[in-house]
Amino acid sequence: MSEGAVRTAAQPLAAGGAAAFLRRQWPWLAALVFALVVPWFSFDWSTGRHSGFIVSMLSQIGISIIFALSYNMLMGQAGLLSFGHAVFLGLGGYVTAHVVNATKGGALPLPLELTPIAGALGGLAFAVVLGYFATKQRATAFAMITLGIGELITSCALMFQTFFGGEGGVSTNRMTGRSLFGVGYAAPIQVYYLIVAWTALSVVAMLLLTRTPLGRMANASRDNFERAQFVGYDPRMVRFFQFALSGAFAGIAGALYTLTYEIVTYDTVAGPMSANALLMTYIGGVGVFAGPVVGAVLIVLLQSWVSLLSNSWLVYAGVLFIMMVTFAPMGLTGLVMMHQPIWRAGRLGRLIGPYLRLLGPALLVLIGFVLAVELCSFLTIGAAQGKSFTLSRITIDPRGARPWLVAGLLLVGGGLWLRVAMRGFGAAWNAVTEEVKTTGTRA
Amino acid sequence: MSVPALRLTDVKKSFGPTAVIMGVSLDVAPGSRHAIIGPNGAGKTTLFNLISGRFPASGGRIELHGRSIDGLPPHEINRRGLSRSFQVTSIFPRMTVFENIRCGLLWSRGYKYSFWHLVGGQRVLNAAAAQLLADVNLEARRDVPAGLLTYAEQRALEIGITIAGGADTVLLDEPTAGMSRSEADHAVALIRRITAGKTLVMVEHDMSVVFDLADVVTVLVYGQVIASGPPAEIRANRAVQDAYLGAPAEVS
Amino acid sequence: MLSVRDLHAYYGKSHILQGVNLEVRAGEIVSLLGRNGVGRSTTCKAIMGLVEPIGEVLWKDKSLVGLRPDQIAHAGIGYVPEDRQIFPTLTVRQNLELGMKRAGRFGRWTFDDMFQLFPHLRERQHNAAGVLSGGEQQMLTMGRTLMGDPDLVIIDEPTEGLAPMLALQVGRFLDEIAHRGVSILLVEQKLTIALKISHRVYVMGHGRIVFEGTPAALAANEAVRRENLEV
Amino acid sequence: MEVLLVSLLNGLVYGMLLFMLASGLTLIFSMMGVLNFAHASMYMLGAYFAFSVSRVIGFWAALVVAPILCGILGALIEMYALRRVHRNGHIAELLFTVGLAFIIEKATQMAWGLLPVPYRVPPVLDRALFHVYGSNFHAYRGFMLLISILMFVAIWLLLTRTRIGLVIQAALTHPEMVGALGHNVPRVFTIVFAGGSVLAGLAGVIGGNYLVTEPSMAATMGPIVFVVVVFGGLGSLAGCFIASLIMGLVQTFAVVIDVSLADLLARLGIQVTSATPLAEVLTMPLPRVGALLPYLMLILVLLIKPRGLMGTRDT
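Heads up: the protein sequence lines correspond to chains A, B, C and D, in order. To convert, count from 1 in the first sequence and add 2; that's our numbering. To convert, count from 1 in the second sequence and add 4; that's our numbering. To convert, count from 1 in the third sequence and add 1; that's our numbering. To convert, count from 1 in the fourth sequence and add 1; that's our numbering.
Note that these hints are calculated values from the structure, not bench results. Keep in mind it's a predicted model, so treat the numbers as computed, not measured. Heads up, the beta-carbon is just placed ideally off N, CA and C, and yes, glycines get one too. Check each hint, because a few of them may be wrong.
Heads up, incomplete: computed chain B residues facing chain A, CB under 10 Å, no partners named [claimed, not checked]:
1) P77
2) E80
3) N82
4) R83
5) S89
6) P97
7) E103
8) C107
9) L109
10) Y115
11) S118
12) W120
13) L122
14) Q126
Please construct the entire structure, taking both the sequences and the accompanying hints into account.
Quick look at the structure:
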């Protein structure tokens, strides 16, 4: 009797488990489906080709997602600020390049699909060695050591020929003729699907890692490293293991980078690449697992689109970054999470009006700012490159006074309006959160 | 006589030119409840820090169950069965209450630095954590980030984390500090219940708690032990009264 | 002179002060007693602006809420913190100099006064403050605050960690300070000293004032002492 | 011998230049806990300002004006931005300066172009000061040494002899207490930040024409200055000074001493051939490894002493 009751109770539980899984994880599945389908939106049926730009951008997104998530294993989950994370991406890439060249030469019968494992092992090996030193310290000393390591490896990459190929880097050819599925990998779209597979795998692995004893103790030593010692853990070992694993995932990203571009240079280990990881992770949000994913997608999109349109991509990225640090230190996902209690209480509708009122002035400031930046840019760099500033076929002369006046007016007027609107929004926000709080305690 | 659970022999500590602990010797019998009292700044918390390995001692010997623990790092001492709480609440503020307790359990349950177990699936572990949660009366707050608990709840959680690892020697640093009478009474009942059968050493300011709970009281003044013995004896000790308890007697 | 009404303060999310009321009149020594962790130090810091105060803090009929610590210091309140916070790399004399709010502007106290009050410091005036003993550091930190010529000093646990002899000495200094017309708000644990020198005492329990009265009244009130003080 | 003397002087010049940058950074870092990644950007701006100003009113005026412009900019940044970000914690502050460095670099490119600008040593100083056994010591290097020594003395006097210097020193250890004693700590922070920017700007003015004034000069100098600050230890100007000189000398001497590990091994009787494992590492001549040395030294120091050479406090 009781046994039967247990069994009947268990069965719907299993079915409910799948449904619950779907309900909880549907955004990930949706993202995966989207990733599989999206290249076909840009498929040119007349030529039978995918847009090279789109596929390359999508591949870059996949690589960046792994890279940013692996960075957040340090920053968000273990509270370790690293300035040299690219080292493991790059070294993973170099190792992969050598491995692919070896398979091409016939020395190593490794199918191309599995070469990211070589990247992972490469990243892991270097993270074990370098992490042995770096994780001896925490906080600022750790950050400084990683900065040093980053510069060190970059200099080495420029200096040594055998492994790094010096300034020219190591080039490779991904068409090794060895594949599990008989795919040639001549077309970028084929590599893209390989990236999707490895990205999905890595995301799942990293998500599961947060739920292991190591993942939890990484959180614990981030929150209070001293307390972690007094429950039996050596925080240094926690840092070390977390660092090593994070390096392995960065290595996977590096391997995919190598397969995509078929060349690895010192850029992949250098400071700007590390800064990119920081940027993506921070803008996406360090507090939520999916934060870096959002950041990676957003930054690559901006990087690709904006750099197509404008010379000043770095300025926009920098300003965006500064705004986030100043006003939303928990990143984009953090901003979204702030709305969660309001949404639960069913009061999100009350904020729509205030948000809409912000839209106008914010847009004015944005346009004014972009105009000002572009004017500057065209005045100097654009002029040097012989470009002219055209906006829907109207050519704007950056040497004239009028466009500058317009930009200034937009900035100042919009700014003043925005300040007023912000005050109104702040009041509305406070009122709503206060309401949610009181109803919350009543319930 | 059995080996003491904890034995200090002429332990010393100085910070730069200032001597804080000036030769403390102390035996704590297994299973006893030992209170250390003394005015603020007498060095009680420093003594705890030396025993638990937070700071290295400048001199002397510390033994746990007859084995020296001098110079060992805190996590090593913890693994040998000594656990401590902090005077200033020390928890994992961004993790939930349940996670806090579970982190206290992980090492003693043999998980070490595992990255191949999913904590959610470990039934025995989670059952033990749930039991501890019930023991410290925080079931209702299971999924709240620990940083959002009230002060008294955080103190209870602190004790929960401290005993979670199943250490047989427990050091509690002012477990009732800052609590009202009724909260302190709760805490005393809790401590009595969950440290049954363990060796307890605690620093405490609240005399009613001390005399309620302790078998042995040691008085530490200015880095030295001036008396040690059963509560009644300490109460009657003239030197102690002068240095410490004597004060109110003078005015009343 | 100082009047605190319904003062609240938070550390992060925890509500440390839950409506503190107290008053210090001119020339008074007032003690704030209570167990560790009930919020005595936080009260001091909230008055001084080191912790954000919520509520009313009136000083000479002007509100101090929202002012920076240095503005509050200029208004005439001095603060001696529990952990002393001497400047270890500077000499004793330089430490005292920094107590003065403006160069060369002496009030009730000159260097000579300080060295008379604390003869130890005179011998050590050109030594780095970091090498002083605990007792000397306590003297220095009090002297430093006095050089700013405050009308009220808030002193947090001056006898902590001092040998009984030195603790009694501190008590005498407090008397001496009060004789120059400086009010004192004293946070203390050692009842003997506090009750001997105070005009009035407050007892705090868990973020609130639970007793207010003369030392004699506290001595007579067994219940409050048992509940909130050492015994 | 003559090589040694000239290298010593050159190393000294470079070390003092580093100190000019690092001293401001170390003060900011120790007092406010801000790891200021935009500090080297101030150095770059100093050079560019000097370039533009000197074209209008000459080098000697630029020597005064450009650092002041940097100081004003630094003060504005501290008062209107950094103070606000401070509430979000140290990491946010640090990232803010990273973003700022980004923007300044790009803004510099937009204002002055991508290529190096022709910021030159003034003609008066563009000659050899003296000859040692055929090697020249350039007059401008002497001038740099003079300026940096003057600056060093000025900072030292300011910090030890003036009241504001005492306040700054005190605020290095207990900023809260300094406030409670009646000193306006936010203003002290602004002064220190502006002062640090002035020094960085000055370093830019005299270093920009000695080296090259280009948009990437901040990125090349930044890491080295960080190395110096961390190597020397937080809160210690003396440590910073020693570290600057060490770095200056190490980098200069590394360039002139042409040996490799293989040469050393050869002395011990071990011949390195291309077949030896790690032959490439072993035969790499020291001048080419010079750029690595600061980072190797940094990592070594941090592993042994996490507080740096003479650091007084943790970060």
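Contradicted hints - numbers only: Nothing - there is no hint that the structure violates, so all of them hold.
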